[in-house]
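**Q** Each chain, letter by letter, is given below.
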Amino acid sequence: MIEPRPHSAPSHPRPAGLRAASLWLPPDHSWRRLPMLGLVLAVVGLGGSLALGFAGDAAAQRQLWHSWLVGSLFVLSIALGALFFVLVHHSTQAGWSVVVRRTAENTMAMLPFLALLFLPLLLFGMGDLFHWSHAGAMEHDEVLAGKKPYLNVTFFVIRTLAYFAIWSALALWFGRQSRLQDTTGDHELTRRMRRASPPALLLFALTLTFFAFDWLMSLDPHWYSTIFGLYFFAGSAMAFFAFLALAGIAARRAGLLVEVLSAEHQHDIGKLLLTFVVFWAYMAFSQYMLIWYANLPEETGFFAQRLAGSWRTTSVALAIGHFVVPFFFLLPRAVKRSAKALAAAAVWLLAMHLLDLYWLVMPNLHATGVVPSLFDSAALIGCCGVFLAAFGGALRRQALVPLRDPRLPESLTFENV
Amino acid sequence: MAALRGALGGALKGILRPSLPPGEHFGALAEFATPAELYHACEGVRDAGYTRWDAHAPFPVHGLERAMGLRASRLPWIVLVMALGGAATGMGLQGWVSTIAYPLVISGKPFFSWPAFIPVTFELAVLGGALGAVFGMFGINQLPTLHHPLFASKRFERASDDGFFISIESWDPQFDPGQTVDLLRHLGAKEVELVASSSS
Chain A
870 MIEPRPHSAP SHPRPAGLRA ASLWLPPDHS WRRLPMLGLV LAVVGLGGSL
920 ALGFAGDAAA QRQLWHSWLV GSLFVLSIAL GALFFVLVHH STQAGWSVVV
970 RRTAENTMAM LPFLALLFLP LLLFGMGDLF HWSHAGAMEH DEVLAGKKPY
1020 LNVTFFVIRT LAYFAIWSAL ALWFGRQSRL QDTTGDHELT RRMRRASPPA
1070 LLLFALTLTF FAFDWLMSLD PHWYSTIFGL YFFAGSAMAF FAFLALAGIA
1120 ARRAGLLVEV LSAEHQHDIG KLLLTFVVFW AYMAFSQYML IWYANLPEET
1170 GFFAQRLAGS WRTTSVALAI GHFVVPFFFL LPRAVKRSAK ALAAAAVWLL
1220 AMHLLDLYWL VMPNLHATGV VPSLFDSAAL IGCCGVFLAA FGGALRRQAL
1270 VPLRDPRLPE SLTFENV
Chain B
6 MAALRGALGG ALKGILRPSL PPGEHFGALA EFATPAELYH ACEGVRDAGY
56 TRWDAHAPFP VHGLERAMGL RASRLPWIVL VMALGGAATG MGLQGWVSTI
106 AYPLVISGKP FFSWPAFIPV TFELAVLGGA LGAVFGMFGI NQLPTLHHPL
156 FASKRFERAS DDGFFISIES WDPQFDPGQT VDLLRHLGAK EVELVASSSS
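Chains as they are written, first to last, in my numbering: chain A, 870 to 1286; chain B, 6 to 205.
Watch out, some of these pointers could steer you wrong.
Stated by the list, open to error - Selected chain A positions facing chain B (Cβ under 10 Å, derived; list incomplete):
no. : residue
1   : N1164
2   : L1200
3   : R1202
It should be emphasised that the hints constitute simulated quantities derived from the structure, not laboratory data.
Beta carbons: idealized from backbone N, C-alpha and C, even for Gly.
Sequences are here, hints too, so could you generate the full structure?
**A** Following this line, the structure appears as structure tokens:
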């Protein structure tokens, strides 16, 4: 039995004058079918991938797990960007972003489900993905032998489970506090989340960095780059802001959040998107320039491979498409405030983020050039299906905005100066 | 020497005493009690078709630029041009030094090693953009202006304390001492006064 709080405890009423359709997913809304659609895509994409892979030869299986990894990383990185956004929102006591925070919470809520995507990789894909996990790999390789205390299958599995346990715990805890406030309106919940968010950010930074080291950098176990965690983070945060912009614009078109989400909020999301386009480029170039300048053989291998054959074209396309074009496109204020223009930029940047992950993973399998495969699209469709199912499920469970957050009125009337 | 002193004196005079509208009055000054009244009065002045006027408040009033009908600032364009100019300078200078003026082989890399030039190029772009933002803002606002005819009004001192003002300058084509004062009174001004041209 929960005792009602004493009357003097500060709490916030729900905002008056907003239609329910702006705050909740209506009972007959077409987005209620998202989980079903997502599940179908997931079963078709992932089931098809597995069936084709296990029916095929060893090469097909290697392709299967590499494609699976790219697709899983794509959806995982967006969910991690959402977790980052929620933690930053609380630690900076942000006001403007309250109306979009629930969308971020609904995105990060899928982190426990995304762990399921990495389970098959841990169980069946290790040998195909990670050269260092082979029994004899370390015997004639002094460098690898030196990394054995860190780079061994047992510790790798433990670490991966720990990352997902930490991310899921953070996502569930912050999601639950926020949902609790919808019913109680208790100000103490806001303070509690604020106090918890700085240590959570620290934990997030460490786990994300080591996750990137483990699942992306160790594909090429001789290579190392200390900035790599930040590189993966920059792309992830950018992908999330692209998704957030897209989700907001799509919601308004579907008649949701109409009175809540304004061009002002969209403008700010656009600014953050541009910021992380620049931040990604800063990280990508810093990584490239230091390795190019020092010219040490154990570091240059990574770029030597990606600057040969059709990987070179991919690298150039990435530099132009992931930075130069979106940077100048997103610069004007009018673009960030136009739903159509920002949606186009968001779709483009999500595609570029996917290309970025493909560029990181696939040279491990196709050393000399790009080889498109049916597995790439099948795994991607499947992973996006899981994403849609989890996101759609979260939308149905709770209000679309934190109804009684004390800063909701501030966020509703927010204007860019 | 005398010419230099003359030029300096001219520039200094411009700073100390901005070019003034000809005539007896600098313009009309109206005081409003609240930001809301100022906001609505601005809409009225805008709709009456005035172009040479300004609003003064001790703190930023949200949306006042819309109520005044101000066009978007030119500042972003100044910043963009200055940033691109800075970037071009950075890349150009390093490229020229390394390939034409003083070519040196450094750690076996080509003379025009553009990746090595990016950090300086980036920093100069930031420097150019920042200088453009600060001095462009000064230029657009005609700062520094050390004296302004409105300072002749004792009441105007409260513009930096608790007063909300609209000033309409006399070189506005619509300006007419009688009608302009009437309009401002009609828009709810607490006090309206004509500020003399302090050219004496």
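**Q** Are the hints correct? Go through all of them and say.
**A** Cross-check of the supplied hints:
{"no.": "1", "hint": "N1164", "in the structure": "7 Å, holds"}
{"no.": "2", "hint": "L1200", "in the structure": "8 Å, holds"}
{"no.": "3", "hint": "R1202", "in the structure": "8 Å, holds"}
When each numbered hint is compared with the structure, no violation occurs for any of them.
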